[in-house]
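Asker: Chain residues, written in single-letter form:
2 protein chains.
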Amino acid sequence: MSEKILQDINNISKHLIHKTNNNFIISMFNLIKSGKMLRSKLILSIATPNEETLKLCSIIELIQSASLLHDDVIDESTLRRNAPSINALFDNKASIMLGDVLYSSAFYELTSLPEAVAKSVSKSVISLSSGEILDVELAKSLNSNLESYLKMIELKSASLIAASSESAALLEGLDHKAHYEYGLNLGIAFQIIDDILDITQDEKTLGKPSMNDFTQGKTTLPYIYFYHESEANAKLLESLFAKKLDSLQKEMLKKSMEKSLLKAKNLALEYANKATNLARKLNNEKLDSIVKAMIERDF
Amino acid sequence: MSEKILQDINNISKHLIHKTNNNFIISMFNLIKSGKMLRSKLILSIATPNEETLKLCSIIELIQSASLLHDDVIDESTLRRNAPSINALFDNKASIMLGDVLYSSAFYELTSLPEAVAKSVSKSVISLSSGEILDVELAKSLNSNLESYLKMIELKSASLIAASSESAALLEGLDHKAHYEYGLNLGIAFQIIDDILDITQDEKTLGKPSMNDFTQGKTTLPYIYFYHESEANAKLLESLFAKKLDSLQKEMLKKSMEKSLLKAKNLALEYANKATNLARKLNNEKLDSIVKAMIERDF
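Going down the list, the sequences are from chains A and B.
Residue 261 is where the first sequence starts when you use the numbering used here, and the numbers rise one by one after that.
Residue 261 is where the second sequence starts when you use the numbering used here, and the numbers rise one by one after that.
Since the hints were derived computationally from the structure, they do not count as laboratory data.
Predicted model, so just to flag it, every value in this text is computed and none were measured.
Just so you know, not all the hints are guaranteed correct.
If chains are identical, the list can't say which one is meant, so a pair holds when it fits in one copy or spans any two.
Listed next, the in silico DSS-like pairs over lysine-lysine satisfying Cα-Cα at most 25 Å (straight line) [unchecked claim]:
id: 1; residue 1: LYS279; residue 2: LYS437
id: 2; residue 1: LYS510; residue 2: LYS495
id: 3; residue 1: LYS264; residue 2: LYS274
id: 4; residue 1: LYS274; residue 2: LYS301
id: 5; residue 1: LYS315; residue 2: LYS383
id: 6; residue 1: LYS279; residue 2: LYS400
id: 7; residue 1: LYS353; residue 2: LYS411
id: 8; residue 1: LYS379; residue 2: LYS315
id: 9; residue 1: LYS296; residue 2: LYS525
id: 10; residue 1: LYS411; residue 2: LYS279
id: 11; residue 1: LYS353; residue 2: LYS400
id: 12; residue 1: LYS274; residue 2: LYS411
id: 13; residue 1: LYS519; residue 2: LYS495
id: 14; residue 1: LYS379; residue 2: LYS274
id: 15; residue 1: LYS293; residue 2: LYS264
id: 16; residue 1: LYS315; residue 2: LYS546
id: 17; residue 1: LYS353; residue 2: LYS468
id: 18; residue 1: LYS315; residue 2: LYS279
id: 19; residue 1: LYS293; residue 2: LYS353
id: 20; residue 1: LYS411; residue 2: LYS383
id: 21; residue 1: LYS293; residue 2: LYS279
Sequences and hints are given; from them, build the entire structure.
Answerer: Okay, structure coming up:
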């Protein structure tokens, strides 16, 4: 994957936002730090990097950025990718409004792509926003239900990754259903790994505070496993639920969760294996490598 | 216009939101009070009320509701259509997230309509959200610039009305450009009248606090005219800018603005006349009546 293509995608996005002709919008957009562009890399591993494919990448990245702009307001996060978030730099209003501009720009561009692609992507945004609601709902009390957690991450995280993979296959005339399944399994594994890293990595590596999920009342997979390990664990989690932990408490909790973290990693590997098998069935080595890199990453 | 058709449109919207399968989303959505459905009435005055037309109406109403959900968070409004707003009933998070679900559901359905319709509607949402940003920007200091105000209401209010009119014409195979122009002029007149009513009507009639615009730092057309009438007026407005006014101050300000209110009404009539002329050119009496009713309304 050449860095130049990723830069081209960012330039397409910049061009789209420039069309609003509003300097405040443009300058705020320029302050958003580019992420790892995982979804673009996924698309480029499936479809020929022509104009249509690059447009799809730009649309997906705009949607991803829009959802993060709204997430940061909802989760009251002030740090994103090691930089102050837009809601921290400006205010919640700005972040909501810029998110709406990004969403609508993405949807407008989507109307130029084939109908099946437009349907796949827009449907995934319904899932994504419903998933965000479920995420907030689950955090209202201590959630120890595995199925609810898996449903939520499928909606909130995996659906857009699945739609990216499916849309790339649609553009390339490949088996879109198998590519959707690949993306869904990759996405679920991706989110479980993210939730593990939130516990095991430090603030500098994460680009945001560590153990942020639990502080926000979000009991991700390792916590759910830990909760069910013993009654004492359940009581410990309940006593710490949605509280701000100091670094000693964090260290102790992390230590005692070793087994649950391993168990969570194993479930991520199960989903990753499903994705790998699909990648092999689809004869796409790049998709195989994406799964490997995703599992092995430490941020 | 039969009430039954408007009820059918609301039922289509309910059905779309039910597809999320999330009870929290569905119950919040059911709490949103239906408005006057001006945009649906406009569409039904142009296009045959078949399945496609009703779907378009539902999409436009969902977009309108989504934008109000986000507006109420941005403007910190707690009252909407004489009822507590979703951000007041729940919280800002809920209002942002429900807005995103409504937007994405509308965009997903839009992919089933003809491409030209999808483009017109999605483009208007870029305008609408850019207009919201401009609205907030202008309210940061006392705006006395007429052009900025007109640009802002064109983006924030008129563009979706213009897209509704244009899309209905596209479905019916009529002159879509003329219908767009009609909707744009109607929309600008509509918003000026709204801004006048914000000053002249009481809270009960408005369904929200009176003189709310000025309290929020929004100098709408009557204030801009008043500002330029004399240096004393300019100083008065500057001294009251973005402050909470008591009922006596409101009454006095309203009284002294009589001339500016009349002048604003006259500009609304100019735009309304342009719309009326287009309605006559298009030989559509219903569109003529819509302009009249819109101008004569008192809420």
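Asker: Between LYS353 and LYS400, at a C-alpha cutoff of 25 Å, which is it: within one copy, between copies, both, or neither?
Answerer: both (24 Å within a copy, 13 Å between copies)
Asker: Reference check for the pair LYS379 and LYS274, CA-CA at most 25 Å: within, between, both, or neither?
Answerer: Result: close both inside a copy and across copies, 24 Å intra and 20 Å inter.
Asker: My question is about LYS379 and LYS315: at a cut-off of 25 Å on alpha-carbon distance, are they close within one copy, between copies, both, or neither?
Answerer: Answer is both: 16 Å inside a copy and 16 Å across each meet the 25 Å cutoff.
Asker: First find the shortest C-alpha distance between LYS353 and LYS411 inside one copy, then the shortest across copies, and answer within, between, both or neither for a cut-off of 25 Å.
Answerer: between (30 Å within a copy, 20 Å between copies)
Asker: From the Cα coordinates, with 25 Å as the cut-off, is the pair LYS279 and LYS437 best called within, between, both, or neither?
Answerer: between (35 Å within a copy, 21 Å between copies)
Asker: Is the C-alpha distance from LYS519 to LYS495 at most 25 Å within one copy, between copies, in both cases, or in neither?
Answerer: Cα proximity of LYS519 and LYS495: one copy only (17 Å, versus 69 Å across).
Asker: How would you classify LYS510 and LYS495 at a CA-CA limit of 25 Å: within, between, both, or neither?
Answerer: within (16 Å within a copy, 57 Å between copies)
Asker: Are the CA atoms of LYS293 and LYS279 at most 25 Å apart within a copy, between copies, both, or neither?
Answerer: within (20 Å within a copy, 35 Å between copies)
Asker: Regarding LYS293 and LYS353, is the shortest C-alpha distance of 25 Å or less found within a copy, between copies, in both, or in neither?
Answerer: both (19 Å within a copy, 24 Å between copies)
Asker: 25 Å Cα cut-off: does LYS411 pair with LYS279 within a copy, between copies, both or neither?
Answerer: So LYS411 and LYS279 pass the 25 Å test across copies only (16 Å; inside, 37 Å).
Asker: Go through the copies and call it for LYS315 and LYS383: within, between, both or neither, with a Cα cutoff of 25 Å.
Answerer: both (18 Å within a copy, 17 Å between copies)
Asker: Using 25 Å as the alpha-carbon threshold, which applies to LYS411 and LYS383: within, between, both, or neither?
Answerer: For LYS411 and LYS383, only the intra-copy Cα distance (16 Å) is at most 25 Å; the inter-copy one is 33 Å.
Checked against the numbered hints given earlier, this structure breaks none of them.
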